[in-house]
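A.B. asks: One letter stands for each residue in the lines below.
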Amino acid sequence: GAGVSQSPSNKVTEKGKDVELRCDPISGHTALYWYRQSLGQGLEFLIYFQGNSAPDKSGLPSDRFSAERTGGSVSTLTIQRTQQEDSAVYLCASSFTGPGEQFFGPGTRLTVL
Amino acid sequence: GIQVEQSPPDLILQEGANSTLRCNFSDSVNNLQWFHQNPWGQLINLFYIPSGTKQNGRLSATTVATERYSLLYISSSQTTDSGVYFCAARTGANNLFFGTGTRLTVIP
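Protein chains in written order, with the working numbering: chain A, 644 to 756; chain B, -1 to 106.
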């Protein structure tokens, strides 16, 4: 079956602009995660969705970051008023259940000029 | 959160050689995964191994949960094995905590 897909694969934006990143999890997976990978910080957790429960937002670095998951499937990560330190690869993962094995998408490389 | 440490940070091997990568974690875990990040940045699942031993072709992994470490073995290495290997662990929290990776270079 299809894996986790993300779009766009690359995004270049100017400082201060808003961006939206999209994630399509594996069909049937109830849990969805966003992580980001940057040179200075490694791989770090951002936010977690499980079914219809309230998301775990504990990893979001600032209130400029938000995410939603519509219909228990597709998720969008929004970064408002982007800053240069937001430049990173944003990775989405999904798992069949919360504790289960996580599978990652190819990522979106965000560059903020 | 849980601390995950990987060693060595860098490893250079001749094609055909064997290697062992280590992952230490600071707390008991309910999920331990090994990934290979290819040159295009994709994280490829290698093993989901919170405890015990698994094998998949030339790769195998062992997690000793009581001693808080996991090992990834690569036998008869090939140039396509090059890349960064990540260990990631979870305790009771929802997310995985990643180590800083082992960069493997296999030379022909």
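Everything labelled a hint here was simulated from the structure, so no lab data went into it. Built from N, CA and C at the ideal position, the CB exists for glycine as well. The reader is advised that the hints may include incorrect statements.
What the hints assert, rightly or not - Just so you have them, the derived chain B footprint on chain A, three or more residues with Cβ under 8 Å:
1. 675 to 686
2. 689 to 702
3. 709 to 715
4. 747 to 753
A.B. asks: A separate judgement is required for each hint: does it hold in the structure or not?
C.D. replies: Taking the hints in turn, this is what the structure says about them:
1. 675 to 686: holds (count 5)
2. 689 to 702: holds (count 4)
3. 709 to 715: violated (count 0)
4. 747 to 753: holds (count 4)
Checked against the numbered hints listed earlier, the structure breaks hint 3 alone; every other hint is satisfied.
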